[in-house]
Amino acid sequence: MAAGVLVAAWSVEAAKNLADGRPGQRRPPCYGGRSLNHRALSLALLFLAPTTFAASPGPLPLPPNAPIPSSRDEAYPGTLLLTLDATDVSRRIVAVHEEVPVTGGKELILMYPRWLPGTHAPEGTIERLAGLVVTAAGTRLAWARDTADVFAFHVPVPAGVNRVSVDFTYLSPVSHGVGPTEVSSLQLALDWNSVVLYPAGYFTRDIPVEASIRVPEGWTVATALEVAAVEAGRTRFKVVSVDTLVDSPLRAARYARAYDLAPSDRVPVTLNLMADRADLLAVKPDLIELHRALVQQAYRLFGGRHYDHYNFLLQLSDDIGWDTTLEHHRSAEYGEPIADFTDWDKTAGYRDVIAHEYVHSWDGKFRRPADLWTPDFHTPMRDSMLWVYEGGTQYWGTVLTARAGLWTRQQALEALAMSVAALQLMPGRSWRSVQDTTNDEIISPRRPQSWPNWQRFEDYYPEGALIWLDVDTLIREKTRGKRSLDDFATAFFGIEEGSYVPVTYTFEDVVTALNAVLPYDWASFLRSRLDGHGPGAPIDGLRRGGYRLVFTEEPSDYWKSVEATRTKSVDHRYSLGLVVDKDATVSFVSWDGPAFKAGLTSGAQLLAVDGLAYDAERLHSAIARAKTGTEPVELLVRVGERFRTVRVDYHGGLRYPHLERDPAQKPLLDDILAPRK
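Mapping the sequence shown onto our numbering, position 607 (from 1) lands on 641, and the numbers just tick up by one.
Careful: at least some of the hints might be erroneous.
[What the hints assert, rightly or not] Listed next, the in silico BS3-like pairs over lysine-lysine satisfying Cα-Cα at most 27 Å (straight line):
no.	residue 1	residue 2
1	711	700
2	380	602
3	711	516
4	516	631
5	661	602
6	616	594
7	318	380
8	318	272
9	700	318
10	594	661
11	631	616
12	661	631
13	711	512
14	631	512
15	700	661
16	594	318
17	380	516
18	602	616
19	380	616
Rather than coming from a laboratory, the hints here were simulated on the basis of the structure.
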């Protein structure tokens, strides 16, 4: 008998005994005007209710769709031919043609990549695919989209057919409102996962593909793919797996130049510079030397390399969506607004991006978390180890940026101060661990948030970096400088010199590798920091490194650079508790900060400060003035069609984060940032 039925039967029998006053049962006193006998009977009927509802009539679910065949690790019978025409740059349309070997009489399932490496999330742009037509020997075949997995297309293949043709258009964003723009009249940023359909049932590393592309006449193509031939304006690449194709983005431009970053090395490393103007291609020799130093410092850190060549794909443009960067095994795609690169001395903010993406060749592409590696692009990823994949890369990217001279030591410290301050005053840490933030890309892949520092987002980057700083300084302290996290990096990521085959790892593998450097209870050490809730950020590494976080009334030069270039905002998050963008719109309000307590939210337009029309300097002055007064800072804001006055009762003055040397501690952080000889 089911447990629910047993409970219900017992309850009814017990109620009858009480109601009938059977021998051995004392009649209870009245309660609330009714006998407890009746109350017991009512309770018995409540026990029966779930059983009654479970048996009630109602809809039942339909059987699920037949599952997409699981991928198997065996060679696909034939080579896909992928032909692109990307010459329609004015309308930003890419025409795609594929020839797919098939077995006649069997259904073909074509998959559009959904789970994308590097984004760690289901971010495939299926909504940009249009005009899909499948034919065999000139006869059109009817395809049907899977209603459960809408990234899958079922194609019935007639008997005797051994190849089908697939045609569609990829509709690249025509404006930033649709998405980061990928095509302009002068440049193209193409990710192959946007323009390929692959057959289900095979590991993507086992599906060979021969790709080719036509770009506007006179344009230069740059990619980690090797060119087989250039014929009649079409560039044809050597056959690779679908896995390698997707991992090798393509860039093309009217104006392009290649710089050799490893002139004396047997393995080529190239900076492929794409620009909107010819004059932008002339890069100062000193800047090229800094990039060359980055390559050499990376080799000294990791030891082995896992590519036969490497391409930095850099686009200088105010039209192309430069805010998107992504790592790959043999290349990195990233962009800069024109002014940020040409005014190098004034734009220190985010210079670590190039080092970050480069480090991923070792951390993320060669060594990869076991639960993040998947055999294809439709198997869900699990992101539990992103504190290594991204957090470790954030740490080593910062270190290498300083060691190469792309940042001065002071700029590196100022960048770290901004990161530490944000985490130290992060209210979201009270309820959410950094381990849980590794799920963020799957929960909400970079969508806007109302309260970012309460919700938390992607903190496995900066907080993961602080954990690795903690590890590094602890090793240095306990070994009296004889060993460091560099030893871990070499042993963990530098293995199997020259191999391109990914090697996966687990949490236990990380612990084992750390113990080989310094025997310690690393499992407990890491778990306490990954699963803890504060208060405050894990800053033991900063303290042990010889520095402490302080706030002053003057922003650092690095802070000014970030405000003036990338964010183009006025940042008062550590005083008034808000950030105002260049259009006078409040873009951030700190949870439980002064502006929050006054009822302000992001999205409000700031019209006036203390009765005068808003400008950045007046807001700055009002915050400083309130420090010695008793009146609140008065803000006139507009939200939609409504106007209101917000009085922020704050008197703490201007506050900007800095790192200050602690003379009681050895400057281990200075040693970490110093170049390796």
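Tell me the hint numbers this structure goes against, listed in increasing order. 4, 8, 9, 14, 15, 17
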